[in-house]
Structures are given as structure tokens and as C-alpha cells.
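There are 2 protein chains.
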Amino acid sequence: MSESHRSIAFSALGRRAAPPVIARLMSAALESRDLLSLAVGFTDNATLPVAPFGAAVAALTTEGQTSELLQYGTNQGRPGLRRQLAARLERDEGWTAGRADPERFFVTNGSQQALYLAMQALCDPGDIILVERPSYFVFLELLTGLGIEARSIPVDAAGALDLPALDRLLATMRRDGSAGRLKAVYLIGYFANPSGRSLAVAEKRGLARTLAAHGLYLPTIEDAAYRQMAFDGSAGAPSILALDEWAEFPRLYAGTLTKPFATGLKVGYGCCTDCEWLGRMLHLKGHHDFGTANFNQAVLERVLGDGTFDAHLALLRPSYERKMRVLHEALLAGGLAASGWRWTPPGGGLYLWLTAPEGLDLGIDSAFCRACLDAGVLYVPGALCFGDAPLRNTVRLSFGVLGEPELREAARRFCAVAASA
Amino acid sequence: MSESHRSIAFSALGRRAAPPVIARLMSAALESRDLLSLAVGFTDNATLPVAPFGAAVAALTTEGQTSELLQYGTNQGRPGLRRQLAARLERDEGWTAGRADPERFFVTNGSQQALYLAMQALCDPGDIILVERPSYFVFLELLTGLGIEARSIPVDAAGALDLPALDRLLATMRRDGSAGRLKAVYLIGYFANPSGRSLAVAEKRGLARTLAAHGLYLPTIEDAAYRQMAFDGSAGAPSILALDEWAEFPRLYAGTLTKPFATGLKVGYGCCTDCEWLGRMLHLKGHHDFGTANFNQAVLERVLGDGTFDAHLALLRPSYERKMRVLHEALLAGGLAASGWRWTPPGGGLYLWLTAPEGLDLGIDSAFCRACLDAGVLYVPGALCFGDAPLRNTVRLSFGVLGEPELREAARRFCAVAASA
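Chains as they are written, first to last, in the working numbering: chain Z, 1 to 421; chain V, 1 to 421.
Keep in mind the hints are simulated off the structure, nothing from the lab. Honestly, I wouldn't trust all of these hints.
[Stated by the list, open to error] Which chain V residues face chain Z? A few, computed with CB under 8 Å, are given here:
no.: 1; residue: L13
no.: 2; residue: P20
no.: 3; residue: I22
no.: 4; residue: F42
[To be verified] Residues of chain V clear of chain Z, computed beta-carbon distances all greater than 12 Å:
no.: 5; residue: A58
no.: 6; residue: P318
no.: 7; residue: R392
For every residue, glycine included, the Cβ atom is placed at its ideal position computed from N, Cα and C.
Produce the entire structure from the sequences given, and follow the hints as far as they go.
Laid out in C-alpha cells, this is it:
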């Protein structure tokens with residue numbers, strides 16, 4: 001089967017589709033034998049729930065209902081799973097039972113698909129989305145692919161939303177007409193990828209008030225992918241679903257069930273306050289795949305219902321907290337803070353976000369990045385994580401994949417490069 | 001959590017996203033207690049591979065590699081699964097080992113996602129796709145959602161491609177300029193949904209020659225979803241991947257691994273002869289979900305490798321052939337042929353395609369359709385299955401879901417309505 005040589009006239013979308021920038025780094029990495037990755041945002045294989053997963057599947061495949069689990073499901077997702085999701089949201093928000101409606105939920109191929117569907121339904125090429133600074137780089141690439149522009153919400157020196165500065169930005173955008181292209185807001189509420197930060201309740205409330213003051217009741221997405229991965233097991237600040245200031249905004253709350261459980265099952269979900277938006281996303285999902293794999297949903301429905309999921313989270317959280325501390329302390333021991341790098345150990349999630357002294361370029365084509373590859377350590381250049389005005393002196397380090405000894409060695413290599421930079 | 005009331009300015013894509021027409025029928029159906037569905041294209045629960053699937057998962061979850069299976073996989077799909085897919089294609093095409101390159105394959109969330117990615121990469125709104133007459137209605141709805149126009153390849157009275165008529169159509173389209181908007185061809189090579197027909201090798205060769213004569217080396221998709229479901233187990237005519245006349249055309253061959261196995265695992269694939277097209281589809285998949293559930297792929301890799309998959313197909317084929325015969329004979333016994341309806345029992349797949357006497361309207365809003373709902377039998381109006389100039393006197397009947405007694409009863413109800421129509 002040889003290559004066909006007639007050239008193709010691709011669509012505008014097809015022409016925009018570009019390899020993820022990170023792929024360049026990954027292929028460079030493949031040339032190195034002994035590379036330790038602080039880049040990949042995977043969970044670690046050591047804490048994957050092999051035994052509980054096996055037990056759940058064994059039970060499912062010997063019970064009467066098995067054949068239904070191997071059949072197609074519905075486009076929106078299993079009703080039983082959506083009831084579990086509603087109940088978990090009620091627990092996390094401290095709501096009374098019945099306040100979250102399972103009919104507002106839909107099940108997706110990882111939370112990524114929920115984000116993609118949301119953007120497809122809302123945005124035409126040239127439209128603008130407000131994002132945090134930094135924001136999730138896979139989402140930013142998704143926006144680029146759809147021809148959507150990301151505009152950063154200004155932040156202060158501590159990384160908190162700078163709402164007076166946002167107020168001025170919105171005023172400028174209304175004057176120059178670009179506010180008309182603003183179509184949505186994307187927030188990462190809990191232990192964000194990449195910053196590790198959570199939004200405080202005051203930031204969430206203030207953001208809604210600032211937008212409302214400009215009459216911009218934009219559809220707003222809160223990505224809660226890491227909410228279950230708080231080291232202390234708490235649910236954190238209320239989501240935008242639970243705050244009165246947001247009541248008039250169309251909102252989509254997106255999460256994953258498998259990142260902190262059996263990652264390779266890829267089951268995510270959304271919960272949407274706007275019936276029409278939800279309906280349009282579901283129609284688009286009907287075109288993508290007309291429903292996420294029913295069997296995977298059935299496994300999740302079972303492990304949520306019988307306590308297996310929460311028992312696994314209880315094991316996972318201290319494991320990731322320990323690994324975060326190992327990386328944090330190894331970076332301190334390597335002299336990184338002493339030479340002017342700054343970071344805050346997060347209370348959950350998988351990431352440390354580091355800022356180097358100003359002027360140090362850590363970008364994908366930098367001497368620093370090449371030196372790290374040569375030294376056998378890989379990171380995500382923070383510059384990839386900005387919708388605009390990237391800070392080239394930032395990096396995202398993940399403590400997700402590596403074990404404790406490898407984290408120490410990776411930190412040693414990273415600090416050695418930093419010491420000679 | 002109440003409905004948010006601020007209205008949303010949806011994208012052009014979002015505004016086009018409409019509920020599938022068939023949903024109207026389904027919700028009408030929900031009001032009926034005792035409804036037998038000849039509409040749904042599901043497989044039947046009775047032949048789902050509960051025991052073999054359970055055994056495969058039990059083996060996978062007790063072997064050493066388990067944790068890897070519960071981790072993220074790659075965007076393109078498991079290399080071992082892609083090697084199995086290449087080997088199966090070689091077997092089906094009668095190729096020597098090594099002729100199919102696993103690097104040309106990619107794994108998707110059902111074959112539907114491969115079709116969606118292909119259309120995203122190739123077509124802008126207003127572009128035109130050539131389709132068969134009739135064609136797969138879910139694909140036609142996907143086109144409508146993306147703003148793409150479907151133009152039918154003319155067919156003769158027996159349903160075969162009418163290539164002289166296509167030649168005239170293409171000449172007309174070149175004269176009026178609309179040929180410039182032609183971006184792809186979509187074919188269903190084997191036991192098509194909905195017609196049950198397979199394309200003969202002469203039709204495939206002739207189509208390529210007709211297109212080439214107009215200089216239209218259009219990217220062409222062959223949907224082989226039902227190729228494994230030939231009642232006699234044969235691979236049928238060579239696919240367009242194997243025919244010299246197609247060598248210069250960029251081609252995508254799409255299939256499913258789970259429709260004829262564990263349907264609820266939702267694993268499909270594509271094999272593409274054009275590196276750039278493949279690359280762009282993969283970048284788009286990276287934005288959709290960055291990879292199909294790794295665990296599901298691992299199950300398929302295993303059952304393809306150890307013969308479980310083929311053993312299941314060997315059970316499945318006679319079961320569906322028997323059910324096809326039951327429906328076919330019950331329709332004959334009900335006097336349908338005698339009253340002028342025509343159909344051809346297919347050699348595989350899940351569908352009978354019936355043409356009623358001219359002038360009889362079987363459309364979704366027809367008296368006939370309402371009478372069938374009242375009588376407790378559901379079908380897919382054939383009019384939904386045309387890109388243009390729908391024939392309203394056609395229906396698709398599926399023998400996939402119902403058992404043999406239910407098929408007889410459904411046929412009895414259908415024939416009773418037809419008799420009084």
C-alpha cells in the first residue's frame with residue numbers, strides 16, 4: 001500500500017490542524033535513552049487501581065445484566081452514572097439531595113471532549129475566549145485548531161485574578177468593538193494545570209460581578225478536572241454552579257472520572273445550566289460518536305456506587321502529596337530557590353509551576369531546554385501555557401508519572417542545568 | 001440548580017446542530033408500551049460475547065502488564081492493535097504479509113469518529129460530497145451538521161452505480177463550477193447501511209475511472225463497517241485500497257471492531273493512504289480527546305490475537321443470517337411481495353431495504369408511519385437515507401436487535417399496515 005500522491009485541498013479547519021508543539025519535545029526525547037519526564041501529565045502506573053478494577057469487571061461480567069453493558073448506550077450517557085455524578089456534585093457543593101439534576105449531565109470521552117463540544121457550539125473562527133494566565137496548553141491548542149483567539153484575564157503578582165485590570169481590559173474591548181467577539185470564559189477552578197492554583201471564592205464572585213458590570217453574561221466553563229485530587233480530600237471552594245453571582249450566566253462544569261482512577265478508561269462529563277447549549281453539544285456529540293463506550297460508563301457507575309472509587313482516591317491523595325513533597329524538597333535541595341526561582345507547593349493536582357529569574361528563557365527552542373534534554377530531563381515550557389504574552393521564564397513540572405527516586409534524580413538534573421544557566 | 005436565562009450567541013456550527021430526525025420517531029415510540037423496533041441498528045444482546053469478553057478481561061487484569069492498560073495510551077492508538085488491523089486487512093485483501101503498514105492505521109471512538117475527522121479535515125461549509133443512493137443516514141446528518149452538501153451518485157434500477165449518468169453529472173458540475181466544491185466521495189462497500197448491497201469490483205473500478213476522466217482525484221472514503229458480517233464469512237470484493245484504478249486517489253478505509261463483537265466498547269479505526277490527511281485527522285483527534293480509551297483497545301488487541309474475535313464472528317454470522325431469513329420469510333408470508341413491494345435478501349449486515357409501490361409515502365410524517373407506531377412497529381423511513389431527491393416509498397428494516405419470534409410479530413404488524421395502506 002503505497003502513498004497516494006494526488007494533493008488534497010484541505011478545509012480551513014484541516015489546514016489549521018497542526019502537530020501539538022509538545023510533540024516536537026517528545027520526539028526529541030525519544031532520541032535520548034535515559035530520559036526522566038517531568039513533562040507528561042499522566043498518573044503513575046504504581047497507583048492505578050488494578051485489583052479494584054479487576055474485581056469490578058469480574059462482578060459485572062458474571063452478573064445478569066452483562067449483555068446490556070456490552071451493547072450501545074445512549075448519546076447522553078448512562079442514567080445511573082449521571083445520577084451518581086449529580087449526587088457527587090451535591091456532596092461537593094454541600095447541597096441538599098435533589099438539587100443537581102442528572103438530566104443536566106452528559107458523559108464524554110474524557111473531559112477533553114466536553115471542552116471541544118463546548119467550543120464547537122459557541123465559537124466561530126475569529127471569536128475570543130477569556131482564559132486564565134497561565135492556562136491549560138492542550139485547551140489552548142484546541143482553540144488554535146478551531147481558529148479561536150485566547151485573551152488572558154490579567155493576574156496580580158501572586159497569580160490571583162486582577163479584576164480591576166480585567167475591568168479596564170473589558171472597557172477597552174467594548175470601545176474597540178472586540179468585546180462583540182467575546183464568546184466564553186474558561187476557568188480551571190481547582191489545582192489548575194499548569195499553575196497548581198485554585199480559584200478562591202472571592203475571585204470567582206468578583207469575576208462574575210466584573211463581567212456582569214459590562215453586561216457580558218458570557219457562557220463560562222469551569223474545568224474541575226483535579227477537584228477530586230485535593231491532598232486533604234476537601235472539595236474546596238464552591239464551583240461557579242453554586243455561587244449566586246453566577247446565577248444568570250450559562251455555565252458548563254466539566255470533570256473527569258478516570259484521571260484519578262483507571263486513567264485508560266477515559267470517561268469524563270459535563271454539567272450544563274443552559275438547556276439549549278446542552279442540547280447543541282449533545283447533537284454535536286451525536287455526530288462525533290453518538291455516545292461514549294457504554295461498558296466504561298458501567299464500570300464507573302459501579303465503582304462510584306459501591307465505594308471503590310472513593311477508597312481509591314483515599315489511597316491516591318497521600319501518594320501524590322508525598323511525591324509533590326519529594327519533588328519540592330529536591331528542588332529546594334538543588335538550590336533552585338536560592339538562585340531566585342519561585343514556586344508554591346500546591347494543595348492537590350499533579351503540577352509544580354516554577355518561575356525562574358526574569359530574562360531566563362526556558363522556551364522549547366531555548367538553550368536551557370536543550371541542556372535539559374542533554375541532561376536527561378524533560379519539562380513543559382511554561383510559555384506554551386499562555387493565551388497571549390507568554391512568560392518564557394516559567395515551567396510546568398509534573399510529579400504524576402515518576403516514582404520518588406526518579407523524581408529526586410530528575411530534580412537533580414534540572415537543578416544542575418539551572419545552576420549553570 | 002436552575003436554568004440560567006441569559007441567551008447565548010451560538011456558532012454557525014452550533015446553530016446548525018439539530019436533533020437527529022430519527023429522535024422524533026424514537027420519542028413517539030416511547031409513548032407506546034409494546035413496540036417492536038425494526039429501526040434500531042443495534043446488534044442483539046443474545047449474541048454479545050459475554051463469556052469470551054469476561055475471560056479476556058480476567059486474563060488482562062491478572063497479568064503483569066495490567067497497570068499499563070489502565071494508563072493513557074497514544075493519540076493514534078496501540079501499536080499492537082494497529083499491527084493486528086494491518087494483518088487482518090492483508091488477509092481480507094489477499095495481500096502478502098507486510099504490505100499493509102500499521103503506521104497508516106489509527107484507532108477511533110467507533111468508526112463514526114473516523115468519518116467525522118475525515119470530514120472536518122476536508123470540508124468547509126458549502127462543500128459537496130458524493131454519496132451513494134441511498135447512504136448511511138447518520139453520516140448524512142453529520143454532513144448537514146458541518147454544513148456540507150451531499151450529492152448522490154446516480155444508480156440504475158437494480159441499485160448499481162450508473163456511471164454514464166455520473167459522467168454526465170460531473171460534466172454538468174464542471175460546467176456550472178460546482179465541481180470545484182466537490183471535496184470527497186463516501187462509499188459503503190459491504191452490506192451497506194441501509195441498502196444491504198455490496199459494491200461489485202467492476203463498480204469500484206468504473207467509479208475510479210469515471211472520476212479520473214474528469215481529473216477529479218477526490219479523497220475517497222470506503223466505509224467497511226459490515227465487511228466482517230458476511231454470512232458466508234468471505235471478505236468480498238477487494239476494497240478501494242487494493243484496486244489499481246484507485247492508486248492515485250487519497251483513500252480512507254474505515255471499519256469497526258466492536259459492532260460485531262462487544263458493541264459497547266466502541267472501538268473503530270481508519271487506514272489512510274495519504275500521510276498529510278492522516279496527520280491532520282490525528283491532530284484533530286488530539287483536540288477531540290487525545291486518544292481512544294487504551295483499555296478498550298487492549299481488550300480488542302487481545303481477542304484479535306488469540307482467535308476469540310474470529311470465533312465469535314463464526315457464531316454471529318449464522319445467527320444473523322437466520323434472523324434475516326426469518327424477517328424475509330415473514331414479510332413474504334405477510335403478502336408484501338405479492339402487493340408489489342420489492343427487496344433483495346442481503347448476504348450480510350443487519351438490514352433489509354424495501355421499496356413499496358410508487359406513490360406510497362412511508363416518510364416520518366406519513367399516515368403509514370403513524371399507523372405502524374399505532375400497530376407497535378418501528379422502522380427507519382428510507383427518505384432519511386438520501387443526500388438528495390429522497391424516495392419516500394422506501395424503508396430500512398433491521399433484523400439486528402429482535403429475536404426470531406419478535407421479528408415474526410414485527411413483520412406481521414408491518415404487513416398488516418401495508419395491507420390496509
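How the hints compare with the structure:
no., hint, verdict
1, L13, "holds, 5 Å"
2, P20, "holds, 6 Å"
3, I22, "violated, 10 Å"
4, F42, "holds, 6 Å"
5, A58, "violated, 6 Å"
6, P318, "holds, 19 Å"
7, R392, "holds, 24 Å"
Hint check: violations occur at hints 3 and 5; the rest are consistent with the structure.
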